[in-house]
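*Asks:* Below, each chain spelled out in residue letters.
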Amino acid sequence: MQITYSPADSALYRLNPFIKGLGTLFIILLFSVTMQGLFSLFFSLVLTILLAILFKVELKPILISIEKIWLLLLLVGIIQGFSTGNFNPESLLIAVIRIIGVFVTSGIFVTISSQSELMYFWEQSFRPLNLFGFQARELALVMVISVRFLPVILGELDRIRMAQMARGARFSHGVGLKAVKSLMPLLIPTLSLAIIRAEDLALAMEARGYCVSRQRTRYNHFSIGFFDIFVCGIMLGTILAYVLQIRF
Amino acid sequence: MINCLELREIELFYKNRRIGDKISCRFEKGRVNLIVGRAGSGKSTLLRAIAGFHKEFSGKIFADDMSFDSEGRIALAFQNPENLFFNPSVGDEVCYALIQKDDKEFRQKGIAWLEKWGIEASAFWKKHPFELSGGEKRKVALSACTVLLPEVILLDEPLAGLDFQGREKLAGIISQIARDHIVIIVTHDPENLIDLTGRVLFIGDQAVEFKCVNEFIAKSLQEPDFYPLPDWYVQAMEQKPIKKHIPRLRAESVFKYLQGTAEDADYLFAG
Chain A
1 MQITYSPADS ALYRLNPFIK GLGTLFIILL FSVTMQGLFS LFFSLVLTIL
51 LAILFKVELK PILISIEKIW LLLLLVGIIQ GFSTGNFNPE SLLIAVIRII
101 GVFVTSGIFV TISSQSELMY FWEQSFRPLN LFGFQARELA LVMVISVRFL
151 PVILGELDRI RMAQMARGAR FSHGVGLKAV KSLMPLLIPT LSLAIIRAED
201 LALAMEARGY CVSRQRTRYN HFSIGFFDIF VCGIMLGTIL AYVLQIRF
Chain B
1 MINCLELREI ELFYKNRRIG DKISCRFEKG RVNLIVGRAG SGKSTLLRAI
51 AGFHKEFSGK IFADDMSFDS EGRIALAFQN PENLFFNPSV GDEVCYALIQ
101 KDDKEFRQKG IAWLEKWGIE ASAFWKKHPF ELSGGEKRKV ALSACTVLLP
151 EVILLDEPLA GLDFQGREKL AGIISQIARD HIVIIVTHDP ENLIDLTGRV
201 LFIGDQAVEF KCVNEFIAKS LQEPDFYPLP DWYVQAMEQK PIKKHIPRLR
251 AESVFKYLQG TAEDADYLFA G
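Chains as they are written, first to last, in the numbering used here: chain A, 1 to 248; chain B, 1 to 271.
Derived from the structure by calculation, the hints contain no laboratory data.
One should not assume that every hint holds.
[Stated by the list, open to error] Pairwise CB distance ranges, derived in the manner of DEER restraints: (1) Leu47(A) - Ser58(B): 42 to 50 Å; (2) Ile153(A) - Asp103(B): 44 to 52 Å; (3) Leu157(A) - Arg38(B): 24 to 32 Å; (4) Asn16(B) - Asn130(A): 46 to 54 Å; (5) Asn16(B) - Leu75(A): 40 to 48 Å; (6) Val234(B) - Gln215(A): 31 to 39 Å; (7) Gly172(B) - Thr4(A): 54 to 62 Å; (8) Val234(B) - Ile66(A): 50 to 58 Å; (9) Phe164(B) - Arg197(A): 47 to 55 Å; (10) Gln176(B) - Leu74(A): 52 to 60 Å; (11) Gln115(A) - Arg179(B): 51 to 59 Å.
[Said to hold, decoys possible] From the structure, some residues in chain B lie toward chain A, with a derived Cβ separation under 10 Å: (12) Phe13; (13) Tyr14; (14) Lys55; (15) Ser58; (16) Ile61; (17) Ile74; (18) Leu76; (19) Ala77; (20) Phe78; (21) Pro81; (22) Phe85; (23) Ser89; (24) Gly91; (25) Ile173; (26) Gln176; (27) Ile177.
C-beta: ideal position from N, C-alpha, C; glycine also.
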């Protein structure tokens, strides 16, 4: 089951895309950087999930997808568990909850943001680069297209793997250079198909009048509402409380 | 060598969802066997299940009344097999599977097999695969996919995307290969393969039918909802009442007839 945009009607969905992105970044930092104890981290994770349920976010694909990162969870957990010399189960659990927290938060962001909202978020994030003559819109478009086509390329990779195996390819034999060489039947067709797809897309966009330097209008206009200000207030309040807690 | 591949009560599943009805049929050597059906009916999934790549199915597959193990006995060419090219020359591409199997005679075998697919080895052996025309690419790709000479050859839409002449030539080559192998093709163009086909497995929304090709075409002409044949074919066949044997209709003849260069409707059916 893939994590993709799943439309619904709730205050979280109606948030300004930039605030959505900022909030996501804030929660990710909360899970990954802050020095919280096990109970506090667990409480943050449960609160994130409960809020998502309250705001009608489709959580099933995200929770199912946690299974795909079990190896990462296990490895990081074990390494963190032994970080103090002797095995400490609390460190293991903290590391696992941190990763799950970041994963679930990113998943929620992808689930509640449409493609145009993602585009708007990237555009606004890269906006300061305009001061240096950098085309923020174009970079945002590149980011969105890459994210959009990632599942397509992965699907293609799987199809090519099966097709090459059907004609006698073996991917996991040899070591070093030989092992890399055995992956060529997979890598070259995938890369060449991705380039062909990119060229087709570029031609289709040009045929529909897309021009890099031209100023374009926007179909969706995003404004800042009361709930956006409320969310910003919570973020600022949390940061303030955290700083005060560290200082005193 | 296997003479007959039999599917008994095959029921396909995709992500725990059942696709279509139970399938029972016999694919025989000597003639091309077709699988047709609308998009999403499970044709390609059935091919993958026969080849052993799709495991979600119930039922049994038998080869000459013995349980069938696909390992090393099947070649499967997916749609657009030319997308799989990754070697710098046609020779390397065709011999890849033989080299993987440490076959010492890979060169001789590769050349012989490529020639069987209608590609002159001396002229094409050292060429880069991307230098070839569409039809040549398809032939090289299909020969590369089937070079291990397995007993069963499964082809997923081998004629798709080729022009009329390319289709004619490739269909002829496939029918030659079908003399010594069990060849099963998934196609959307059964009307192009009438001369070559033995039986047709039709996977429909309501039912699965296993018919002789003439019966299948006749039913499709009488009941357009059963299987939609192309308009040019249906209109040309309207020129003559359907008899038991359905003649093969060449698109070239239909084109000349419609242009008015052919005298009468009988020209369409002259072969």
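*Asks:* For the hint on Tyr14(B), just tell me whether its beta-carbon gets within less than 10 Å of chain A.
*Replies:* Violated: closest Cβ of chain A sits about 14 Å from Tyr14(B), beyond 10 Å.
*Asks:* Quick check on Ile74(B) please, does its C-beta sit within 10 Å of some C-beta on chain A?
*Replies:* holds (8 Å)
*Asks:* Hint check: is the beta carbon of Ile173(B) less than 10 Å from a beta carbon of chain A?
*Replies:* Constraint on Ile173(B) not satisfied, violated at 18 Å.
*Asks:* For the range 31 to 39 Å, tell me whether the beta carbons of Val234(B) and Gln215(A) fit it or not.
*Replies:* violated (52 Å)
*Asks:* Range hint 40 to 48 Å: satisfied by the CB atoms of Asn16(B) and Leu75(A)?
*Replies:* Once the Cβ atoms are compared, 30 Å apart, the range 40 to 48 Å for Leu75(A) and Asn16(B) is violated.
*Asks:* Does the Cβ distance between Phe164(B) and Arg197(A) fall inside 47 to 55 Å?
*Replies:* For Arg197(A) against Phe164(B), whose Cβ atoms are near 28 Å apart, the range 47 to 55 Å is violated.
*Asks:* Next item in the hint list is Gln176(B). Is there a CB on chain A closer than 10 Å to its CB?
*Replies:* The hint is violated - Gln176(B) has no Cβ within 10 Å of chain A, the shortest such distance being about 20 Å.
*Asks:* Within 50 to 58 Å or not, the Cβ separation of Val234(B) and Ile66(A)?
*Replies:* holds (53 Å)
*Asks:* Do the numbers back the hint for Leu76(B), that is, is its least Cβ distance to chain A under 10 Å?
*Replies:* holds (4 Å)
*Asks:* That 42 to 50 Å hint for Leu47(A) and Ser58(B) (C-beta), does it hold up?
*Replies:* holds (45 Å)
*Asks:* Would you check whether Ala77(B) satisfies its interface hint, that is, whether its CB is within less than 10 Å of any CB in chain A?
*Replies:* Nearest chain A Cβ about 7 Å off; hint holds.
*Asks:* Could you check if Ile61(B) really has its C-beta closer than 10 Å to a C-beta on chain A?
*Replies:* Violated, because the Cβ-Cβ distance from Ile61(B) to chain A comes to roughly 17 Å (cut-off 10 Å).
Comparing the model with each earlier hint shows violations of hints 2, 5, 6, 7, 9, 12, 13, 14, 15, 16, 23, 24, 25, 26 and 27; every other hint is respected.
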